[in-house]
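Given the sequences, and given the hints that come with them, work out the whole structure.
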Amino acid sequence: MDPRVLTEIDADTVAGVRATLAAASAADGAEPLSEQFLLNLRPDAPRDGVRHVLLGGSGESGRHDGPVPAYAQLDGEYAELVVHPDERRAGHGSALVDALEKLTAAPHVWAHGDLDAARALAEKRGYRRDRVLWQMRRTADAGDLPALTVPDGVTLRAFVPGTDDAEFLRVNNAAFDWHPEQGGWTGDELAAREGEDWFDPAGFLLALDDASGALLGYHWTKVHPAEETGEGAMGEVYVLGVDPAAHGRGLGGVLTLAGLHHLHDDRGLETVLLYVEADNAPAVKVYERLGFTVHAADVNYAR
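Going by our numbering, the first residue of the sequence shown is number 491, and it counts up by one from there.
There's no promise every hint is true.
[Stated by the list, open to error] 25 Å max Cα-Cα, derived DMTMM-like pairs, lysine to aspartate or glutamate:
{"hint": "1", "residue 1": "Lys592", "residue 2": "Glu613"}
{"hint": "2", "residue 1": "Lys592", "residue 2": "Asp631"}
{"hint": "3", "residue 1": "Lys592", "residue 2": "Asp538"}
{"hint": "4", "residue 1": "Lys592", "residue 2": "Asp492"}
{"hint": "5", "residue 1": "Lys614", "residue 2": "Asp588"}
{"hint": "6", "residue 1": "Lys775", "residue 2": "Asp500"}
{"hint": "7", "residue 1": "Lys775", "residue 2": "Glu760"}
{"hint": "8", "residue 1": "Lys592", "residue 2": "Glu671"}
{"hint": "9", "residue 1": "Lys614", "residue 2": "Asp604"}
{"hint": "10", "residue 1": "Lys614", "residue 2": "Asp667"}
{"hint": "11", "residue 1": "Lys592", "residue 2": "Asp634"}
{"hint": "12", "residue 1": "Lys775", "residue 2": "Asp620"}
{"hint": "13", "residue 1": "Lys614", "residue 2": "Asp634"}
{"hint": "14", "residue 1": "Lys614", "residue 2": "Glu567"}
{"hint": "15", "residue 1": "Lys614", "residue 2": "Asp518"}
{"hint": "16", "residue 1": "Lys614", "residue 2": "Glu591"}
{"hint": "17", "residue 1": "Lys592", "residue 2": "Asp518"}
{"hint": "18", "residue 1": "Lys614", "residue 2": "Asp492"}
{"hint": "19", "residue 1": "Lys614", "residue 2": "Glu521"}
{"hint": "20", "residue 1": "Lys775", "residue 2": "Glu671"}
{"hint": "21", "residue 1": "Lys592", "residue 2": "Asp667"}
{"hint": "22", "residue 1": "Lys775", "residue 2": "Asp634"}
{"hint": "23", "residue 1": "Lys592", "residue 2": "Glu577"}
{"hint": "24", "residue 1": "Lys614", "residue 2": "Asp538"}
{"hint": "25", "residue 1": "Lys775", "residue 2": "Asp667"}
{"hint": "26", "residue 1": "Lys614", "residue 2": "Glu577"}
The hints are simulated quantities; they were obtained by calculation from the structure and are not laboratory data.
Treat the numbers as computed from the prediction; the structure is a model and nothing was measured.
Quick look at the structure:
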């Protein structure tokens, strides 16, 4: 099967991709695609720079009427891929990587779950482990949360869509100017997430300066329903950012704790997960003090 490279895929093919994702997730115990790549499958998602690579299908569109044998997506220089469990050990992973390397000279390929097959393919193709993203979890075994104390001159409140968008984007992009996925957001990235079923402004907490009204930082939480996780409903520290101009005021810890209390006290969730770069020692230390432990790892491979 020769790979097909497309800028758009039809609804039936998207359904075939999602069927393959579900099969791979069940077989591997890890979701093959991350949130942004799943959002790129939506018909209303902006697709500038996104390419879809498929094996199989028929016609010029590469249309599929069932699960796709193998699929990869390239968004800028970052890629993720999946091979259906029934189609593995047939060279499909290498075929996808070949196609990706023709689209960009040095793709950065995410592998979720740190699986043996991904490590073997990376080694075979001459890729090294470039970034490791830990999923950490806090469970009921961690005990009670510390009490929340908000500093003088700071107010915590929920995000108001349409009112707080510009300030959120300003702080987010300042806090994550170094980050290839979280930095450089526009209203499109925010609107895409506000359109998701899980979006809840009550769990999007803002810390504002009482004197100026400026946004100092935020903690955006997320809830994963039981039918999604297969392990019961879970909360997530989705994104937490502090304006660099507000560093040194202890707001990271305050916002983290505020979000955890919201997920535990208001939403009744015992398990909370988060993702953090494995080499971000200060952040890992903060989360460990709050009772988080490493649960799984995602690996980014690069040449």
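Each hint tested on the structure:
no.	hint	in the structure
1	Lys592 / Glu613	holds, 19 Å
2	Lys592 / Asp631	violated, 49 Å
3	Lys592 / Asp538	holds, 18 Å
4	Lys592 / Asp492	holds, 13 Å
5	Lys614 / Asp588	holds, 12 Å
6	Lys775 / Asp500	violated, 45 Å
7	Lys775 / Glu760	holds, 21 Å
8	Lys592 / Glu671	holds, 22 Å
9	Lys614 / Asp604	holds, 16 Å
10	Lys614 / Asp667	violated, 33 Å
11	Lys592 / Asp634	violated, 52 Å
12	Lys775 / Asp620	holds, 22 Å
13	Lys614 / Asp634	violated, 47 Å
14	Lys614 / Glu567	holds, 20 Å
15	Lys614 / Asp518	holds, 20 Å
16	Lys614 / Glu591	holds, 14 Å
17	Lys592 / Asp518	violated, 28 Å
18	Lys614 / Asp492	holds, 20 Å
19	Lys614 / Glu521	holds, 23 Å
20	Lys775 / Glu671	holds, 23 Å
21	Lys592 / Asp667	violated, 29 Å
22	Lys775 / Asp634	holds, 18 Å
23	Lys592 / Glu577	holds, 23 Å
24	Lys614 / Asp538	violated, 31 Å
25	Lys775 / Asp667	holds, 22 Å
26	Lys614 / Glu577	holds, 19 Å
The structure is inconsistent with the numbered hints 2, 6, 10, 11, 13, 17, 21 and 24, although it conforms to all the rest.
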